[in-house]
Every structure is written in structure tokens, then in C-alpha cells.
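A.B. asks: Fit chain B to the known structure of chain A by using the hints.
Chains as they are written, first to last, in my numbering: chain A, 846 to 1324; chain B, 38 to 252.
The hints are simulated quantities; they were obtained by calculation from the structure and are not laboratory data.
These numbers were taken from a predicted model, which means no experiment stands behind them.
Be aware that one or more of the hints could be misleading.
These stretches of chain A come out as covered by chain B in the derived footprint (C-beta under 8 Å, 3 or more residues) [stated by the list, open to error]:
#1 979-990
#2 994-1006
#3 1015-1025
#4 1041-1055
Here are some chain A residues the structure puts well away from chain B; computed CB gaps all over 12 Å [claimed, not checked]:
#5 L888
#6 L1121
#7 T1248
#8 F1264
#9 W1291
#10 L1304
Ideal Cβ placement from N, Cα and C applies to all residues, glycine included.
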Amino acid sequence: MELLIIFLSILAAATTCLLAKSRGVIECVSVTASFIALVGSVLIALKVSKFGVYAPYEFFSVNALGSIVVCIIGLVGFAAVTYAVGYLREETAKEIIGFTRVKQFFVLLNLFLATMLLAVTASNPIFTWIAIEATTLSTAFLISFYNKPSAMEAAWKYLIVNSVGLLLGFFGTLLYFTSLQGTGEVGFMTWDNLLSGATHLDPMIAKIAFVFVLIGYGTKVGLAPMHTWLPDAHSKAPAPISALLSGVLLNVAFVTVLRFKGITDVSVGPEFAQKLFIVFGLLSLFVATLIIFTQKSYKRLLAYSSIENMGIMTIGFGFGGLGVFAAILHMIYHSLFKSILFFSAGNTFLRYSSTKIATVRGIISALPVTGVIFLAATLAITGTPPFGIFLTKMFILSAGMKTYPIVAIAAIFLMALLFVGFFKHITTIIFGEKPDEIAIGEKNMWLVIPPLALIIIALCLSFYIPPFLNNLIVMASHS
Amino acid sequence: MIMISAQFLFAIFFITTVSLHIGKKIFGAAMAYSVQSFVIVLLIAGSFVQTGSIPLLFVALLVLVTKVILAPILITRAMKKSRLKFLMNTYINIPITLVIIAVITAVAHSSLFAPLVSIIPANKELLSLSLSTILISFFLIVNHKGAISQIIGVLSLENSIVAFVFFAGLEQSLSLQIGIMFDIVIWIIIATVFASMIYRHFGSLDVTEMEHLKD
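The shape of chain A in the complex, shown without the other chains:
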């Protein structure tokens, strides 16, 4: 029931936005729908924590990991929609966009949220693929939202690279269906059907299929070397969309890869997928380290940080054991802190009208609240204690020290370099002398409340994990 209400409210909001002639109506229905989605997602998570898999209808099934990501979509989605109201009002005031663009934005934003939810909750792998492909289609116009040549270029790259990646993922997905040939099972195939049929899967086909899935959906996750679209798309999209792309969408694709990993593990044992995860994870860390020092844009910097964090999570799942628990927790923290960082970057852009590190100085003087939030989130994302990411990184690395010590040491080295590079750039823009022409004071409280609320939640979660969430993480790490 909850799921149906979530989908209906978001789709009703998208339709209303399409037909509405008043900005207030568009904003009001979008915020209300995303709030309903937030409440519904928490209710679903509570149910999964208590009763296990939530499958109210044949077409939907939410397991523990899925419910965590549904909660992330609900929480970050609500924050992003609320933030978007203030953000787009500022852009309208600056005459960057008009009413039609606002309308388009909220229609696409609602569709984007619906497709992400569908991707995580679909019980059929092909439906999941259709939904993930639909996330690409709904966000392409959001990335090219400003209609500038650079945004157009980023959107085209996003569309083509992800479409090719997803087609390869589609091919890999279909190869898993060979396990059901000759078993007499016909009709609607679910994830559970594939998992139970995994013992009949030819190990060689399982390996080839997983490689296609990892490369295909891994493109959407932003794993190197398929990451090329990510920094462009995340830096050119409006700030609320960047927050959703980085904080939520990457996890949606990652969950799909993990579901296939589970099936592959049954067929060929866990080592094959684990080794691939470690290779791709370490490569992502390496690529992010290589590029982060030479970054000229703070939004691109945040995008490369996403590649780094996806790499860390991948390594965590590759290490197994405690690493899996830590990787899931890392996913939650990363979603929250990365969204906060993109919101802070959005506030900075509205004030300085630039995303260049060289031209932005003294955020803490110009935007005191945003500056503090930006700094705190930077400390958190780089793994500074006492924030939760420090602990998850430690757990991942300690898990690796037992099984893959050389990889763990290499990861520590790369993380240390990334910390220095990221911190150097961000402190440069937060501190330093504010240019005289830049006014002091926050523009709009609606631009401050969402990141502030998220950082309070993220901080609380760094010290206390609610029992239902802890239960979900434990369930997800054992599945």
C-alpha cells in the first residue's frame, strides 16, 4: 500500500506540474509528494526491518538493502525538492530561467524520483533495467537545463555513454536468464527466480554475464574507467539535480550490481566478483586521486569525490565480511554528505556566479551558515573523525588488511592523497578574502534549511544508528 501511495503521489505531482499555471501550485504539490515519499519510504523500511522482504504486489519486491536505498531516495529526494524551490526562485530572480523552465524542471524531477524508486523496488530484473534506462532519459534534459553549449555537451555524453553501458548491462542481464532454460519456469521472472536458478547457471556464462553487468551498470555507478560522463554531468546540472545524481542515483545502480553479484556468487563462488570489485574500486580511487589535484571547478571536485567514494564502497563489498557492513553504512553517509556538499555548492554558485575555484574566496564570510555546513561536510566526506565516514573507512580497511593487505595499504595511500587534494581546494574557497563585490548573508532560508537538516541527521547517524536501520544493515550484509 505504501509503495502504491508513493508512486501515485509522485506521478500525480508530475502530472499537476505539467498542467499547472501557478508556480506556487507546482512547488506545493512537488514538496508534498516528496514528503509523502519520505514518510512512505520510512514505513517500508520499518516493515522490512520487522518482517523481512516487502512484496505487496507481484511486480514489486523490496529487500533490506533495497529498503535502505528507498529511504535514501525519500530523504534526499525530499531535501532536494525543498531546496529546488528556493534555488529556482533565486535563478528566476536573476532572470536565468522563466516559468516554463521551472515547470519542466519539476515535471522531470518528479519523474526522476519515480524512476529511481521503480528501479529499486521492481521485482523483475528487466523492469529494473527499464527503470534505470528511464532515469537516464528523465535526467538528460535536467543536465542540459541551462541550455548552454557545455551543458549540452555534458548531457549528450551522459546520454550516449550511459545508454551504451546500460545496453551492455541489458545483455548481461539476459544471459542470467539462461539458468531458467529447461527448468520449465516461464512467464514473469523475478530476482528470486534468478537467485534460486543460479545453481543451474553455467559458471562460464555467469562470469561473462557478470562482467557485462559490472561494466554496464558500473557505468551508471561511475566506476573507472567508465566514469567519463560523471564529472561533466554532475557539474553541469542544477545543484538539486547534482545532489540527487551523486547522492542517490549512483546507489540505485550499485544496488542492481549487488543483486547480480549475489546470483553470480551462488554460481561461481564469491571470489570472482570480489576480485573484480577490488580491481574496479581501486582503479576508481586511483583515477579520482590523479585528477582531484588539478581540478579547477569545485562542482567537478565533488563529482570526482563521488567516484572516489563509489570506489571505496566497491572495495568494501570486494573485501567481504565486515567490509560489506561498512560499505552499506558508507553508502548512507556518502548520500547524505554528498547531497549537503552539492547544496552548499549551489548556494556558493548563486552568490559568486562561478564554479571556478580560482574565483571563489571567503565563503565563510559571505555565506556564514553555508560556509560552516560546507566545511563540516568536507571534513565528513574526507573521513575526518568523529564523522561516520571515518569509521566506515576504518572498518573497510581493517577488513581488507586480513584478506588483501596490499590492496588495503594502496587504498590507504590513495585516500590520504585524496584527503589532501580535496581539503586543499575546499579550504581555499571557504577561507581566504572575500571579493569586495560579494554581499554578505544567506540569500534565502529555504536554501539553508535542507542542508542544515541533512547535516543534523548525518551527524546523529554518525553517533547513533536507530535499531531498525541497524537491523536492515545487518540483514543486507548477510544476504
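C.D. replies: Same frame as chain A, now just chain B:
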């Protein structure tokens, strides 16, 4: 007899995929894609004749409308809007391109992909050939500089996967086929709209002209 006609039809599919690499005119490429899709329609229709399955007939009609008729219309419309007749250059010249296609075809027939092409042993040859069209389509996207070529490359890749799935007996239920087809139609519309927007911004459909993200 059915196997021979499937081989003959897929030989046409293979030739059209190769022709996408060599052709210079956008209209020709759109027509080649249309022929390629029509082969898929005939294969599915043949399966309908054999099994009498009504969903298969419905899927064949769906493919006919979306890929054989609608997609080429949208591509040629984008071409007319940008007043372009010819496809952009490739990174690699045609003789070397043909050598690479030959190598790709050989690799698809090698023991490297033996587990994949043995899914249905009776269709081994057809599976090898469809696997080679997957790789050749992928090469088309990578090798071409033009936005329209990239769109056709993605569509050809999707057609090749559909062909492989057909020969491997991995077809999905009707509801899923409708979902996939709907996704593809939306993709074609969005991609062609983007191609027009790119032409408006850059005065060309050559993706190498897009250099605003170099910093």
C-alpha cells in the same frame, strides 16, 4: 529450411551492420537500420508462424511500427532540420575499419565466447554472428564522430542484442517487451531532439567540435 532462411536473413542483418560503417549518407544509414530492424520483424514473425503465439505477432508488429517505420522517420527529420545529408568522418579510415570488422568477427567466432554461442548448440553459427554484430555496432559508436552515427550505432547495438536473445531463446514476456520498446522509442525521440539541439549550438553534428568541457 527454417534454419537456412534464418541464416539468410541474418546474413542481411550482418551486411547492413557492416554497411553502417561504410555508408556516407545519413538517409542511407537510416534505411540500413530500417532493413536491419525488418530482419528482426521477419525472424519474430517466423517464430509466430512456427508456434502460433499471438504475443509474438504483437511484438513483431510493435517492432515494425517503432523501429522499421518510426525510428528512420525521426532520424531523417533530424537530418532535415540540420540540413545535413552526409555522416561525419570516422576516426579510422575505411580499409582499416574493414580489417577491424574482420578481426571482430573472427574473435566472436573464437573459443573466447564459446560458452555464449553454445547456449543453444543448434544455433551456434547464428549466435556467433549476432555476437559479432554486437561488437561491430559497439565499434560503430566508438569510431564515428557524428551524433547521428552514434544514435544509429546505439540502435544497431540494441537490435544485435535482440537478435542474440532471439537465437538464444531468451525472449521476455510481452509486458516486458512493451516496456523495453517504450523505453527505446522515448530514447530515439530524446536522442534526435538532442542531435537537433547540438546542431543549433555547435553548427555541426560532429561531436569532436564539442570542446567546452575541456577544462
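A.B. asks: Run every hint past the structure and note whether it holds.
C.D. replies: Now for the hints, and whether the structure bears them out:
Proximity of the stretch 979-990 of chain A to chain B, defined as three or more residues with a beta carbon under 8 Å from a beta carbon of that chain, is established by the 5 residues found. Counting residues of the stretch 994-1006 of chain A whose C-beta lies closer than 8 Å to any C-beta of chain B gives 10; at least three are required, and the coverage claim holds. Chain B is given as covering the stretch 1015-1025 of chain A, and this holds because 6 residues of the stretch bring a CB closer than 8 Å to a CB of that chain, at least three being needed. For a cut-off of 8 Å, the count of residues in the stretch 1041-1055 of chain A with a CB near a CB of chain B stands at 4, and the three-residue condition holds.
With a cut of 12 Å on Cβ distances, A:L888 stays outside the contact zone with chain B, its closest approach being about 27 Å. Listed as outside the interface, A:L1121 is consistent with that label: its C-beta sits roughly 17 Å from the nearest C-beta of chain B, beyond the 12 Å cut-off. At the 12 Å boundary, the C-beta of A:T1248 stays outside the reach of chain B, the nearest C-beta of that chain being 29 Å off. Distance check for A:F1264 against chain B: the nearest CB is about 24 Å away, which clears 12 Å, and the non-interface claim stands.
No Cβ of chain B approaches the Cβ of A:W1291 within 12 Å, the least distance being about 31 Å, so the stated non-interface status holds. The Cβ of A:L1304 lies farther than 12 Å from every Cβ of chain B, with a closest approach of about 35 Å, so its non-interface assignment holds.
Consistency note: the structure conflicts with none of the earlier hints.
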